[in-house]
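**Student:** In the order they appear, the protein sequences are chains A and B.
Just so we're aligned: 285 in the numbering used here is position 285 of the first sequence, and the numbers increase by one with no gaps anywhere.
Just so we're aligned: 97 in the numbering used here is position 97 of the second sequence, and the numbers increase by one with no gaps anywhere.
Since the hints were derived computationally from the structure, they do not count as laboratory data.
The beta-carbon is built from N, C-alpha and C at its ideal position, and this holds for glycine as well.
One should not assume that every hint holds.
[Stated by the list, open to error] Examples of chain B residues lying across from chain A (beta carbon under 7 Å, computed):
id : residue
1  : Pro61
2  : Gln64
3  : Gly114
4  : Gly144
5  : Gln176
6  : Val177
7  : Tyr178
8  : Arg183
9  : Ser184
10 : Met185
11 : Gly186
12 : Asn200
13 : Gly203
[What the hints assert, rightly or not] Listed next, the in silico DSS-like pairs over lysine-lysine satisfying Cα-Cα at most 25 Å (straight line):
id : chain 1 : residue 1 : chain 2 : residue 2
14 : B       : Lys174    : A       : Lys91
15 : A       : Lys209    : A       : Lys130
16 : B       : Lys112    : A       : Lys19
17 : A       : Lys19     : B       : Lys174
18 : B       : Lys112    : A       : Lys91
19 : A       : Lys91     : A       : Lys209
20 : A       : Lys36     : A       : Lys91
21 : A       : Lys206    : A       : Lys36
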Amino acid sequence: MVDAMDYLLEVKDLRTAFKLSSGWFPAITDISFVLKPDETLAFVGESGCGKSVTAYTLMGLLPQHGSRIESGSAIFKEDDLLTMSEEQLRKIRGNNMTMIFQEPMTSLNPVFTVGSQIAEAAYYHMDISKAEAKNHALELMDLVKIPAATNRYDDYPHHLSGGMRQRIMIAMALACEPDLVFADEPTTALDVTIQAQMLYLLGELKQKKQMSMIFITHDLGVVAHVADRIAVMYAGNIVETAPVAELFKNPCHPYTQALLKSIPRLDGKAESLVPIKGMVPSIDTMPEGCRFFDRCRNKAQCRPDKLPQLLPLDGIPDHFVRCLLVS
Amino acid sequence: MKKIDHFRYLAGETLLVFNRNKTSWVGLVLLVIILLVAVLAPVIAPYNPVEQNIIQRLQPPSSQFWLGTDYYGRDVLSRIVWGSRISFVIGVASVGIAMFFGTILGALAGYKGGMFDSFLMGLSDVMMSIPTLLMGLLIVAILGPSQLNLTIALALTMIPRFARIARAPTITAKNQVYVQACRSMGFSDIRILVVHIFPNILGELIVMASMWMATAVRMEAGLSFIGLGVKPPIATLGGMIREGFKDILTAPWASVYPGLAILLIVFAANLLGDGLRDALDPKLRNER
Numbered sequence: 001m002v003d004a005m006d007y008l009l010e011v012k013d014l015r016t017a018f019k020l021s022s023g024w025f026p027a028i029t030d031i032s033f034v035l036k037p038d039e040t041l042a043f044v045g046e047s048g049c050g051k052s053v054t055a056y057t058l059m060g061l062l063p064q065h066g067s068r069i070e071s072g073s074a075i076f077k078e079d080d081l082l083t084m085s086e087e088q089l090r091k092i093r094g095n096n097m098t099m100i101f102q103e104p105m106t107s108l109n110p111v112f113t114v115g116s117q118i119a120e121a122a123y124y125h126m127d128i129s130k131a132e133a134k135n136h137a138l139e140l141m142d143l144v145k146i147p148a149a150t151n152r153y154d155d156y157p158h159h160l161s162g163g164m165r166q167r168i169m170i171a172m173a174l175a176c177e178p179d180l181v182f183a184d185e186p187t188t189a190l191d192v193t194i195q196a197q198m199l200y201l202l203g204e205l206k207q208k209k210q211m212s213m214i215f216i217t218h219d220l221g222v223v224a225h226v227a228d229r230i231a232v233m234y235a236g237n238i239v240e241t242a243p244v245a246e247l248f249k250n251p252c253h254p255y256t257q258a259l260l261k262s263i264p265r266l267d268g269k270a271e272s273l274v275p276i277k278g279m280v281p282s283i284d285t286m287p288e289g290c291r292f293f294d295r296c297r298n299k300a301q302c303r304p305d306k307l308p309q310l311l312p313l314d315g316i317p318d319h320f321v322r323c324l325l326v327s
Numbered sequence: 001m002k003k004i005d006h007f008r009y010l011a012g013e014t015l016l017v018f019n020r021n022k023t024s025w026v027g028l029v030l031l032v033i034i035l036l037v038a039v040l041a042p043v044i045a046p047y048n049p050v051e052q053n054i055i056q057r058l059q060p061p062s063s064q065f066w067l068g069t070d071y072y073g074r075d076v077l078s079r080i081v082w083g084s085r086i087s088f089v090i091g092v093a094s095v096g097i098a099m100f101f102g103t104i105l106g107a108l109a110g111y112k113g114g115m116f117d118s119f120l121m122g123l124s125d126v127m128m129s130i131p132t133l134l135m136g137l138l139i140v141a142i143l144g145p146s147q148l149n150l151t152i153a154l155a156l157t158m159i160p161r162f163a164r165i166a167r168a169p170t171i172t173a174k175n176q177v178y179v180q181a182c183r184s185m186g187f188s189d190i191r192i193l194v195v196h197i198f199p200n201i202l203g204e205l206i207v208m209a210s211m212w213m214a215t216a217v218r219m220e221a222g223l224s225f226i227g228l229g230v231k232p233p234i235a236t237l238g239g240m241i242r243e244g245f246k247d248i249l250t251a252p253w254a255s256v257y258p259g260l261a262i263l264l265i266v267f268a269a270n271l272l273g274d275g276l277r278d279a280l281d282p283k284l285r286n287e288r
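Can you make the complete structure from the sequences, with help from the hints?
**Tutor:** Right, dumping it as structure tokens:
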């Protein structure tokens, strides 16, 4: 390639607010990250921490009323996703970036056959005939390992199981060979064995198709399988980001540490789980300083009024932490 | 292009299922018969529907007058045959017009939301707060009484109702993940509305349309009665009920039979509507 891009996506200082009855409140603030080509970045955090909002903001899929992007830039290839026209963004969606949704039961249109829905995505964006689109859809159905794709082509969504529908959803997302796929908890609604198959499939497809992925999940176990890098989110902020191995080996933010302690381990040692006490602050009562302060086990040594920044760790340039006590 | 293919495909599937559904066939056959009767009225009707025959007035049904005669001695059967022509045309046309514009407005309001939605729904609330008959009366009074203006008036009173009916399922569909998925694949708003949402709300619209047919026929009767629609002595089903009503105890045939005719039209429309709704819903289609 002539112009070797360093980053596929470069997000800086993103801030999205939602309207409540008492005014506008930011759901995510100061979100900055980069994504290299072919890289998988996982956003991890509990419900409501802003991981999906981040993805929806970048995709331009926020509700038209009651939400607004207050600041930031998101350079995708060469253009800013946040300032381009709706028309431009629409062309990028589907062609260059797509999304896999959490709910396989409702993410397909009930009145069309699954095959035609995959073919439609291809026909709409690529310059091909309908017959070619159908062949393309059948190939994709093979690719996502749907058995007897030709027989399934004319099935309606309600004929298929959740796992099969999620495969169809993935096939739709891949129809136009996107560079970037947002996967919004694609395995959460599936049972554990199907989850494992799906993660395996996604990893394999990523290899074959050479695409970047932003993987959103609350399951750290899932992350270890698929991601190259992890960004841990808490209350609308990224609190720590590092390559997967580094993060699991050397978690620095107290929230990450607590998160790792609160998941059960299967490798023998039967330690009791340590829950994180307290609640996430709601978006209209966000503290001015560190947002994790109230729940932090180190709060005796810390101060509540100062807002920590996301800074690189000494000696490990790829590892960023947002904590006053870590240097 | 693709849009049309989708509909052709959908139409093929629908016809297939429709074929299997017996009750919807009954509805369709009934409607075709009614349509034929309406079209062939001059041939079928045994007597002139407006010719008065005072000597033969209020005759009970007999071999000479199959359904009896009314207060002025006119043949009830002939008047029903001619009246169904006008009532049927007005009912179908006004509901059709109302469904077309109401659906467009309602679906747009539901999909766009915000100020546009609030304005349109506020307007339709204002229109619906006026009783339908009064509203129809007002519009006919402005446009002047004629069969066409009556149809337009009926359509206008029903447009806000269809807008409401189209809006609610559009909002439901809009918040479904599959619409988000469509947006994530970069489909345009119009494509999402026409290709993806419309087939999902069509079932509800068709059922409502078949029900509003009854109201349209009834309202036509009301407006005709006060002289703002089709003027007597021209026969309409609603007008016949009103005229025959004063003799209902002594000569029930003059008002009961036209009532049965309205019932038949509405019944046929409902059967057809139900059948179409089932045929359009893939979940109710028989397994292959």
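**Student:** All hints, please: hold or fail.
**Tutor:** Here is how each hint holds up against the structure:
Here the hint on proline 61(B) is broken, as its CB sits about 49 Å from the closest CB of chain A, past 7 Å. At a threshold of 7 Å, the smallest CB-CB gap from glutamine 64(B) to chain A is about 55 Å, leaving the interface hint violated. The criterion of a C-beta within 7 Å of any C-beta in chain A is met by glycine 114(B), whose closest approach is roughly 5 Å, and the hint holds. About 43 Å separates the beta-carbon of glycine 144(B) from the nearest beta-carbon of chain A, more than 7 Å, and the hint is not met.
A distance limit of 7 Å between C-beta atoms decides the matter here; for glutamine 176(B) the minimum to chain A is near 6 Å, and the interface restraint holds. Residue-level restraint check for valine 177(B) holds (minimum Cβ-Cβ distance to chain A is 4 Å; threshold 7 Å). Interface hint status for tyrosine 178(B): upheld, as the beta-carbon distance to the closest one in chain A is roughly 5 Å, under 7 Å. For arginine 183(B), the interface hint holds, the least distance from its beta-carbon to any beta-carbon of chain A being 6 Å, beneath 7 Å.
The beta carbon of serine 184(B) is positioned within 7 Å of a beta carbon in chain A (closest approach about 4 Å), and the interface hint is therefore held. Interface restraint check: methionine 185(B) against chain A, minimum CB-CB distance 4 Å, threshold 7 Å, status holds. Given the 7 Å rule on beta carbons, the hint for glycine 186(B) holds: about 3 Å separates it from the nearest Cβ of chain A. At a threshold of 7 Å, the smallest CB-CB gap from asparagine 200(B) to chain A is about 6 Å, leaving the interface hint in force.
Proximity of glycine 203(B) to chain A is violated relative to the hint, the smallest CB-CB distance being about 9 Å (cut-off 7 Å). Between the alpha carbons of lysine 174(B) and lysine 91(A) the distance comes to roughly 20 Å, so the proposed pair stays at or under 25 Å and holds. Between lysine 209(A) and lysine 130(A) the CA atoms are separated by roughly 23 Å; this keeps the pair inside 25 Å, and the hint holds. The straight-line distance between the Cα atoms of lysine 112(B) and lysine 19(A) is roughly 18 Å, inside the 25 Å bound, and the hint therefore holds.
For the given pair, lysine 19(A) sits about 20 Å from lysine 174(B) by alpha-carbon distance, which is consistent with the 25 Å threshold. Simply put, lysine 112(B) and lysine 91(A) have alpha-carbon atoms about 20 Å apart, close enough for the 25 Å limit, and the pair holds. Straight-line distance between C-alpha atoms of lysine 91(A) and lysine 209(A) comes to about 20 Å, which keeps the hinted pair within the 25 Å bound. This hinted pair checks out: lysine 36(A) and lysine 91(A) have alpha carbons roughly 22 Å apart, not beyond 25 Å.
Proposed proximity of lysine 206(A) and lysine 36(A) is supported: the alpha carbons are some 13 Å apart, at most 25 Å.
Hints 1, 2, 4 and 13 from the list above are not met by this structure, while the remaining hints are.
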